[in-house]
Amino acid sequence: MQLKVKEELFDEPTCEHNIQKKEKKACKTAVPGSSTGGCALDGAYIVLSPIRDALHVVHGPINCLGNSYNQRTSESKGNETFYMYGMTSSINENDLIFGSEDKLKKGIVYAVNKFNPKGVFIYNTCVPALTGEDIGGVARELTEKLNIPVVPVQSQGFSGGKNLGNKIAGDALFEYVIGKKEPNIDILTDYNINLIGEYNIKGELFLIKKALSDNGINLLSNITGNATMEEIMYSHKAGLNVVVCSKALVYLARKMEEKYGIPFIEESFFGLSSTNNAMLHIAESFKDAKLIEKVKKNIESKTKIIRKEIEPYKKFLTGKRVLLYTGGVKSWSLISALNDLGMKVIATGVKKSTEEDKNRIKEFDANGNIIMLDNGNPVNLIKMIKDEQADILLAGGRNQYTAIKSLIPFLDVNQERSNSYTSYEGIVHLGRQIYLELNSPVYDVIRKAN
Amino acid sequence: MENIKNIEINPLKTSSSLGAVIVFLGIKNAVVLMHGSQGCASFDKVTLTKHYRENIPVYTTALNELGAILGGSSYLKAGVKNIADKINPAFIGITSTGLSEVNGEDIHATFNELKKELKESGDYDNLSLAYVSTPDYDGNFEEGYKNAILSLLQTFCIDDRENLAGAYNNETIDKNNIRNISDYKNNDKNKDNGAKDKDIKNIRANVFCPFSFTAMDFLELRDLLEDFGITPVMIPDLGTSMDGHLDENGYLQTTSGGTDIEDLKKAGLNNLNIIIGSSLKSLIAPVKKITGLNTYYFSNVSGLKNTDLFFKFLEEISLRKTPERYKRQKRQLMDAYLDTHFYFLGKNIAIAEGIDILDSFSEVLSEVGANIKIGVTTSKAYENLKNRFEILTEGDIDLFGELIENDGNGIDLVISNSNAGYTAEKIGVPILKAGFPLIDRIGHNFKHYILYKGSANLVYEAANLLMSVNEKLMEEV
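Those protein sequences? They're chains A and B, same order as listed.
So the first sequence is numbered by our numbering: it starts at 1 and just counts up by one.
So the second sequence is numbered by our numbering: it starts at 451 and just counts up by one.
The set of hints was computed from the structure by calculation and includes no laboratory data.
Each hint should be verified, as a subset may be incorrect.
Pair by pair, the computed Cβ-Cβ distance ranges are [to be verified]: (1) A/102 - B/556: 28 to 36 Å; (2) A/442 - B/556: 46 to 54 Å; (3) A/367 - B/559: 55 to 63 Å.
From the three backbone atoms N, C-alpha and C, an ideal C-beta is built for every residue, glycine too.
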């Protein structure tokens, strides 16, 4: 029976929650009657499903996938694109009685024959995990039979939340995919990096990639937005891992450091200063004076150009007050981006932030008065916005209706955002979108009619 | 036949728990609590939020591995109490999930225990609860929807009928005056037994509509019934709850409209039941039994023929003439059929939808002369529609795509939900997006597809899509 998730996944030395609380399950916080986010399956699927030439098969009842596939906005380019496909064994009552491993195998064979993918991910869910189905065995058997990697992902939802699911996905990549192939020599340069935790929401990866290549840095593998199986298989050849916006995947970076000796840094590409810093840190990691000089030069000229482009927005936005309610890394990385635009962050959500995230918030908090908001229930958010006279709420889609029903301007900065906000171009988009939203006449029109 | 594929690729069907959640969202001042892992609720909540573009009050009991193995009753009880204390809704609708059902725990017993505990504590007198069993590995969306309606009736109507007897005495009409038939269409001969009492006032009807109705469909149907002097108690009422309106109080943590629990309690004191939708056909017997009322069933109220029949029914029930505006809408639909039929000549339609849209849309489009070629749906309950389609089968969107591609260039228009968008685009056929989920469209709840006006809307929308393809072809030559 595959009930237990690896204990190791709960024990993250780089997570200060773990260290402080001395209890390994620090990240499991959902209580009965709450409306908090997704489960481990959700978290694992988010991380792995952007791998576009693999099939993603959810082994479970229809609810685990049937209502929710084809909703991500991570962009994939290329001919083999299966990421908008949703596949499930859709187990029924009969399968519970007679077992569904055989059904799962047949289903995967059918799909592989039809689509000819480069790999398969099988996601375990609560019901088959409880009845003791062995998806690890199914995966082993099919790997041999089909001659492509078939990867079991032990993502049953009762094990924990999204964050744990992210880690489980990282673990699956580490165990079954990374290091299984060598890259062609001609795609390697002097400066090869991987990005970890970049999902190419609205094409953001393409913007980061452009900035990297302008500096002569080669993005060897992206884990996992727009990725192919092959590029993840040879990602162990990179000289540096850059973990972006996913604290949970630090686990993967750490494992890669242990096994392949690849150092890692954590960076954000939200905002002008963050992007500049990230570029510089990457260059410094390679300890190459020539590269560092080139990057510094580029940063100087880029900064001039972008400052000019955001100037008209900045004029209007300076002094405007923002309530930021988003997860983990964005709880500080967006503060930097908003500071670039002259805006004042009055509070930021820290419910999903690590201690390190909180320290970074303090770094960006020049006057030391940003409120760290632990309780993001809608009523609390609205009260905070009114009490602190915030001009706009920046949060995820979940809170969109909280804000607009209360006639508070809103911008989605989470995975459903409709613009790309990373890298140099991204900060201009962000400034423009906030500017436009704050200038929308709709709130006044409704207020007067209300 | 068994699905030999053994895998759902781009599923069309959704789970029974989701069907139940939607029914509970049609209750006033309600929240929904899903008894399962946090993901069960989260997936549904996210999809419903994207579909409706509204806050969706769905919560979870957050069952973890301990609860899954050792029993989750304490999670359920804590969940209900936490919600009641924090949000104070009038109603909490509880569904089970695959996880909470798989170990065979008696959730219904826990539910009854909980009700007793709440009653004894005396702190929750204004809170009503209902529970429906919806294991995700059993049944589909339609069954969950149906079972949740029955659970509401069983919980409120049966429990309270005795207490309420007499409450409506002065308003009750002579029920014997209304014909006792279950399928109005098939029993059209006993006309003479129709209501004769000219003094009938304030008829109250329990109305059961399928999820395929948009919020606007619900609201238009309500207006129509009221125009005939019939006060509808819609169960559920997805018109006033999910139409997307800015509530006077701004943001709410519960639903802001829907069926009033007090009206549900009095459902057995109303005058008749009206059930619409193929998927709800099996509700006829239990609803009739629970309410003790005459029950009338219509498989759909779309197209000229069926809408005519529905109006005839309303005239007989209410003893009123059809108001002028609806007569005009009928004439408008006739004109719409004439104007648009050119675009449907020789055109082939493929539909992948739940049984209700499959039925109602194909009814309208076959009346206007389109060839209804391929149908893929979520259950086997389609026998009565077989004559209307060349191919009709249960399946997923992957199969739907295969059937269209095997057909060569034969299909001119696809009707399905957002998940079929990629398939239609790949094949190069225009798609009319309807049903659930619709996450890449906005305002679909303002679409109106039933009765005279809605049928006209449908043929115009479909004809425009067909017309745009014709125009494109001309450019290429």
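That 28 to 36 Å hint for residue 102 of chain A and residue 556 of chain B (C-beta), does it hold up? 31 Å, holds
Go ahead and decide if the range 46 to 54 Å is satisfied by the Cβ distance of residue 442 of chain A to residue 556 of chain B. Roughly 51 Å apart at Cβ, these two residues keep to the hinted range, so it holds.
Are residue 367 of chain A and residue 559 of chain B spaced within 55 to 63 Å by their CB atoms? 58 Å, holds
When the structure is compared with the earlier hints, no violation turns up for any of them.
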